[in-house]
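With the hints as extra help, turn the sequences into a complete structure.
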Amino acid sequence: MGSGTDETTTAKRLLTDLVDDRPDEGVFRVDRTIFTDPAVFELEMQRIFEGGWVFLGIAAQAANPHDFFTTTMGRVPVVVMRDGQGALGGFVNACPHKGSRIAQTQSGNARLFVCPYHSWTFDSAGRNKNVKWKKAGCYAEGFDADSHDLARLPAFEEYRGFLFGSLSADVPSLTDYLGEAARLLDLVADQSEEGMELVPGGVTFTYDANWKLQLENCSDAYHFTSAHPSYIRILEKRQEKPDASTTRSVWESNANWSEDAEGVQGGSYSFPGGHVLNWGLLGISDALPLHESAERLAATHGEARRDWMFNLRNLTIFPNLQVAENASSQLRVIRPIAPGRTEMRTWCIAPKGESAAARRQRIRQYEDFFNPSGMATPDDTVSYENCQRGFAGKVQPWLQGYGRGMTASRQGGNLFSDSIGMTPARSVTADAQLCDETLYHSYYREWAKRMAGVEA
Amino acid sequence: MSAAIIDAVSTPLSRAEAEEFLYREALLLDRREWDAWLALYEPDCVYWMPAWRDETTPTEDPDGELSLIYYQGRRNLEDRVWRLRSGQSIASTPAPRTVHAVTNVLVERSDGDTADVAASFTVHRHDVRSEKTHVFFGRYEYVLARGGEGWRVRRKKILLLNDVIPTVIDIHSI
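So the sequence lines, in the order shown, correspond to chains A and B. Under the numbering used here, think of the first position of the first sequence as 1, with each following residue one higher. Under the numbering used here, think of the first position of the second sequence as 1001, with each following residue one higher.
Careful, some of the hints might be misleading.
Unchecked claim - Here are the in silico distance ranges between beta carbons for each label pair: (1) A:GLU158 - B:ASP1030: 30 to 40 Å; (2) B:GLY1150 - A:ARG341: 45 to 55 Å; (3) B:ASN1162 - A:ARG127: 31 to 41 Å; (4) A:ARG341 - B:ASP1044: 36 to 46 Å; (5) A:GLN85 - B:LEU1106: 45 to 55 Å; (6) A:GLY179 - B:ASN1104: 48 to 58 Å; (7) B:PRO1094 - A:HIS97: 46 to 56 Å; (8) A:GLY86 - B:ASP1054: 15 to 25 Å; (9) B:THR1057 - A:PRO65: 17 to 27 Å; (10) B:ASP1030 - A:GLN85: 51 to 61 Å; (11) A:VAL395 - B:ASP1030: 38 to 48 Å.
Unchecked claim - With the Cβ distance kept under 8 Å, some of the chain B side facing chain A (calculated, not the full set): (12) TRP1082; (13) GLU1141; (14) ILE1165; (15) THR1167.
In case anyone wonders, no lab produced these hints; they're calculated from the structure. These figures come from a predicted structure and were not determined experimentally. Glycine is no exception: its CB is placed at the ideal position from the N, C-alpha and C atoms.
In structure tokens:
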């Protein structure tokens, strides 16, 4: 920010300058500065990650009384704890005394947290239970006027096991924030009557590029055959000669990614708040671990919702949650570290109670495709890094990656969303080659709104 | 069967032989001699790099917990090698330069047919694409088995200790 400039005015100027959104003229462009500018990044931290709803984790990460897990909201360390009565709470993971982190590990179980620095003690509901040597401390009255409890997140809510928090109290209810995109979280949560869990063994990786490249890539059908030919070819090789040592994949014979497939193959949905889905028709494939539950799911939830659970679905809940259900099932949390650096915390999310064979299949598919040690994700993240380096070229500042689907985008839903009673703001029905890019508009319209200081 | 052959078959793996074998594998990886590297593995080999459950415990059950890499069958390693050489993976092209330094080699158990070998590794990787250098380190646990052409890998477990992955990690860097 330039010194002496009113911050809000500056933000509005930035947005006018950096997102060129003229729907009546068929123009949507993004200036590559939004991926590189430290001032933009600082404002993203304040207004998006530390100023509104962000995803924290799932309830199963703290399943039992006194369980906890840690995460971050922007730059702020956070601990989510389940108290002795079973209630979940979200707190800033910092001692009110000197600011030291209270919880030291990614997860655990603790009835009491004793601060390692000066032994102030807190219970699993965040209440201060002891100030060491308080009576001998000769505190004045003013000390007792302050709460010594852990700072509670100004907003903390759960939707069907998905936990969200906000460091600003000035937010809509979580239900309003998620809106109709909640129907897509339902499709994850309803796969088992016992709910979802994270398979033990989280994987963390970094890449040297902006967080919004991950945001976009999840929704990007256009890159698949370009970035992942080695993965596709290996699936073909396995299919030619399957044996017990190879893992099947739903993609090995799928028309969705075949460039000459005809007819409707899927599409995209955009929702208010910056949430988006891209999806593809997969059918009730026996290469999916969920196949064993196909009949039960149809009986419980109806065929339409069951069929949607089997569709390829890449969901983003803005700004930091992605649930990708395609080759396997991945839950990703995006953590921006700097304009040119991002940390990804990733897990295999799975329905509780699935058979050992289905779980094994899900895990093998996941490792192959999603891991940074696998055969697909590295070809994405290296491409993000190539983009980040290319963004230095500002001779032509406007990126041209937001135009596909412009004349196919429709207000409201379509037959496919109607079948599960979901009403998106916009929809695109696509063949194999359309590869909609208008769903990114939803990201950047919400981004622009939030950056201008308008709370979601 | 002559006495000499009986001796060769029944002699446990010595530390010197284990070192020779592990150093050979390291050199083949660093020289990108992939076919010779694959030939060190039995067709039904297990190649396993666990993930971490939490700060202190690696995952232990590959069928119920996530691994960074888990393959049963050399065929899967052949696929990985194919990918590295294919020119169809931007993450694999151009190839990084690596040095595997294998140390602390111990034969923990051996009969004439099989041997358990433990070692430590450090892999220095220079990624020429991004002009960045990383060091990966950890421990190896091998099960080697003696076949017609000498010792082969029946099982290799790679316990990667610094598991926050800088963009890419592949079979050439572990």
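Each hint, compared with the structure:
1. A:GLU158 - B:ASP1030: 30 to 40 Å: violated (50 Å)
2. B:GLY1150 - A:ARG341: 45 to 55 Å: About 46 Å separates the Cβ atoms of B:GLY1150 and A:ARG341, which means 45 to 55 Å holds.
3. B:ASN1162 - A:ARG127: 31 to 41 Å: With a Cβ separation near 37 Å, B:ASN1162 and A:ARG127 satisfy 31 to 41 Å, so the hint holds.
4. A:ARG341 - B:ASP1044: 36 to 46 Å: holds (41 Å)
5. A:GLN85 - B:LEU1106: 45 to 55 Å: Holds: the Cβ-Cβ distance is about 52 Å, inside 45 to 55 Å.
6. A:GLY179 - B:ASN1104: 48 to 58 Å: 57 Å Cβ-Cβ, so the 48 to 58 Å window holds.
7. B:PRO1094 - A:HIS97: 46 to 56 Å: holds (52 Å)
8. A:GLY86 - B:ASP1054: 15 to 25 Å: holds (23 Å)
9. B:THR1057 - A:PRO65: 17 to 27 Å: Given a distance of about 22 Å, which is inside 17 to 27 Å, the answer is holds.
10. B:ASP1030 - A:GLN85: 51 to 61 Å: This hint holds: roughly 58 Å between Cβ atoms.
11. A:VAL395 - B:ASP1030: 38 to 48 Å: holds (41 Å)
12. TRP1082: Constraint on B:TRP1082 satisfied, holds at 7 Å.
13. GLU1141: violated (18 Å)
14. ILE1165: Where the cut-off is 8 Å and the nearest Cβ of chain A is about 4 Å from B:ILE1165, the hint holds.
15. THR1167: Since chain A brings a Cβ to about 5 Å from B:THR1167, closer than 8 Å, the hint holds.
In this structure, the earlier hints numbered 1, 13 are contradicted, and the remaining ones agree with it.
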